[in-house]
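Student: Okay, here's what each chain looks like letter by letter:
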Amino acid sequence: MSRTTAPTAHGNDRVYRRIVRRETNASRSGAVVVAVLVLLVVAAAAVFAAALVFLDQRALGIDPRDVVDAAARAPRGLDTTVVVGVAAIVALVGLVFLAQGLLPQRRPRHTMSSRRLAVVVDDEVLASAAARAARSATRLGPDAAVGTVGRRTVDVVLRPAAGVDVPAVAATEAVTEEFRGIDATPPVTARVRVQPTGRVDG
Amino acid sequence: MNATNRGLGRTTLVLVGLVLLAAGVGTILVQTVPWAARTWHGWAGVLGDLGRDAPRDASVTAWTWVLGGAVVLGVLALVVLTTLGGGRTGTVVEDDGSSDGVAGAVRIEAAAVQHALSSAIGDMPEVGSLAVDVYRVQGRRAIRIRVRPRRGASPRAITTGVEGIVADLDALLGDRLPVLLEIATGGAGSGRTDRVH
Numbered sequence: 000m001s002r003t004t005a006p007t008a009h010g011n012d013r014v015y016r017r018i019v020r021r022e023t024n025a026s027r028s029g030a031v032v033v034a035v036l037v038l039l040v041v042a043a044a045a046v047f048a049a050a051l052v053f054l055d056q057r058a059l060g061i062d063p064r065d066v067v068d069a070a071a072r073a074p075r076g077l078d079t080t081v082v083v084g085v086a087a088i089v090a091l092v093g094l095v096f097l098a099q100g101l102l103p104q105r106r107p108r109h110t111m112s113s114r115r116l117a118v119v120v121d122d123e124v125l126a127s128a129a130a131r132a133a134r135s136a137t138r139l140g141p142d143a144a145v146g147t148v149g150r151r152t153v154d155v156v157l158r159p160a161a162g163v164d165v166p167a168v169a170a171t172e173a174v175t176e177e178f179r180g181i182d183a184t185p186p187v188t189a190r191v192r193v194q195p196t197g198r199v200d201g
Numbered sequence: 000m001n002a003t004n005r006g007l008g009r010t011t012l013v014l015v016g017l018v019l020l021a022a023g024v025g026t027i028l029v030q031t032v033p034w035a036a037r038t039w040h041g042w043a044g045v046l047g048d049l050g051r052d053a054p055r056d057a058s059v060t061a062w063t064w065v066l067g068g069a070v071v072l073g074v075l076a077l078v079v080l081t082t083l084g085g086g087r088t089g090t091v092v093e094d095d096g097s098s099d100g101v102a103g104a105v106r107i108e109a110a111a112v113q114h115a116l117s118s119a120i121g122d123m124p125e126v127g128s129l130a131v132d133v134y135r136v137q138g139r140r141a142i143r144i145r146v147r148p149r150r151g152a153s154p155r156a157i158t159t160g161v162e163g164i165v166a167d168l169d170a171l172l173g174d175r176l177p178v179l180l181e182i183a184t185g186g187a188g189s190g191r192t193d194r195v196h
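Listed in order, the protein sequences are those of chains A and B.
Numbering that gives the first Met the number 0 puts the first residue of the first sequence at 0, with every later residue one more than the last.
Numbering that gives the first Met the number 0 puts the first residue of the second sequence at 0, with every later residue one more than the last.
Think of the hints as simulated: they come from the structure by calculation, not from any bench.
There's no promise every hint is true.
[As the list claims (entries may be wrong)] According to the in silico footprint, chain B covers these stretches of chain A (three or more CB under 8 Å from chain B):
(1) 46 to 53
(2) 123 to 131
(3) 165 to 176
[Claimed, not checked] Per the computed footprint, the stretches of chain A lying under chain B, defined by three or more beta-carbons under 8 Å from a beta-carbon of chain B, are:
(4) 25 to 33
(5) 68 to 78
(6) 83 to 91
(7) 109 to 116
(8) 154 to 162
Just so you know, even glycine gets a beta-carbon here, dropped at the ideal spot from N, CA and C.
The following block holds chain B by itself, in its conformation from the complex:
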């Protein structure tokens, strides 16, 4: 639920994959199949200026193009890298109350909501451990509650309990923020069975 741009990531994977696959298969063909080698020699004239026999000026020009292309490629790669992850945010509600014409602004930090939800949900007998984070999704704030239940706990019981707690939170904040409840395995407490049988 982080801000990773998955479309861009998958496009990068497809492009890099296609280029590597084409380069590998092409090299194998050139090395083993005579007609492929002839075709390659037909195209390889383009590489002449990059070679040893090219005049100094042509050589510098050609390698400058290589340098420029490599720099552009590297910058693009770094741009893709920066789109990964992120999206966590520190505020849940930011409201200057302009609709009522009252001066002042209200800002609720994520930590307040995290503490409130953690203590309320942590008291449920089915819950082994939990984590609460606030993310930005499509320009809105969304809360992620990741619960690691005790062994054999009923997901419906957890969901119902969290629904009740989130309803209280809605009343407190005066806004229905999108909330993701993630019931996951592993982590502390999940190996033990319910405290209540």
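Isolated chain A, as found in the complex:
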């Protein structure tokens, strides 16, 4: 998030930039925990194998030294299906970790301008505010407006009862006005559609 509206509190800009960046990007801690667990399992297996060799023991009838020999001789004496299958799973898991580490992941959130605070808003809250604004301009029932918020757009779909005339322009203005007040970053543009097929229950 390089272009957040930097809130203008004294000396808090740097802290705010960091907070807002961390709050608008997804945390990877779940994936990190899984990756670390994989590392720990591998490390524990290696320690166990080394201990077996030092004590000249076998576990489940397998000597770690035989495993190393078999790996060094590959592909002789190994079942291709099993090896390729396991290796494919390992490669896939690695690919998932790599994607988690490299790809940007945004949370569905916007930031709002404020003179004092750093503000982040869930897109769902924006959507429901948009629906409420459109509804209040049209005097429709509470379930007649549905809002969806993308990164740069807000879509409101009005579903009036059959035969009810909806002032779509007034609704659009109301939503636009609401979002001018919200002043979200990245900026969102409002679009109101009236669903032509009216409902009967209205």
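With the hints as your guide, set chain B onto chain A.
Tutor: Chain B in isolation, oriented as in the chain A frame:
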């Protein structure tokens, strides 16, 4: 906004991902492509001391290296694990007033600020429920206010209201602490519409 070191976490993910991907793809190649198998046999001589035919001394030395490497790897993994989370703190302001030369120190607990903000913000009609926490960010204390608004509430109205309350808090504390307002969905009260229409 916790103290998780995200750079370290992502570096770990990339490294583990690369190693697993390389190991998986390499194994598939060795198993299916003849030239890859020949290359592998060229390298596999390194593994000789780990094998069954190695003399006892060489075998112990080689497996000691494996043991050492595994212990280092495990310790590194645990270090990464300990960097996750944390950062919450119990005090908001700690000031010994040295600039004025007056004896004594002032310490304001996080609970005081939490209670003050919770009762003030909870009275706003747009707010369904809220939580207040104090974190350490870049060596400073920062307050996180997580508000779950009622359905259809205007985020601007909430922000303006909280700005006013935080201004009061600033006057009370005599310091402008960084404050994050997080307007989130879900939780108690968010399904109901405004109390005021």
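Student: Within the segment 83 to 91 of chain A, is the number of residues with a Cβ closer than 8 Å to a Cβ of chain B three or more?
Tutor: Coverage by chain B holds here, the residue count being 8 at a Cβ distance below 8 Å.
Student: Counting residues of the segment 123 to 131 of chain A whose CB is closer than 8 Å to a CB in chain B, do you get three or more?
Tutor: holds (count 7)
Student: Taking a Cβ-Cβ distance under 8 Å as contact, does the segment 25 to 33 of chain A have three or more residues in contact with chain B?
Tutor: holds (count 6)
Student: Okay, the segment 165 to 176 of chain A and chain B, do three or more residues pass the C-beta test at under 8 Å?
Tutor: That given contact is violated, which follows from only 0 residues of the segment 165 to 176 of chain A lying within Cβ reach (below 8 Å) of chain B.
Student: Residue count check for the segment 109 to 116 of chain A against chain B: does it reach three with CB-CB under 8 Å?
Tutor: n = 5 at 8 Å, threshold three: holds.
Student: Are there at least three residues in the segment 68 to 78 of chain A whose beta carbon sits under 8 Å from a beta carbon of chain B?
Tutor: Holds, because 7 residues of the segment 68 to 78 of chain A bring their Cβ atoms closer than 8 Å to Cβ atoms of chain B.
Student: With a cut-off of 8 Å between beta carbons, are at least three residues of the segment 46 to 53 of chain A near chain B?
Tutor: holds (count 6)
Student: Okay, the segment 154 to 162 of chain A and chain B, do three or more residues pass the C-beta test at under 8 Å?
Tutor: violated (count 0)
The structure fails to meet hints 3, 8 from the earlier list, while all remaining hints are met.
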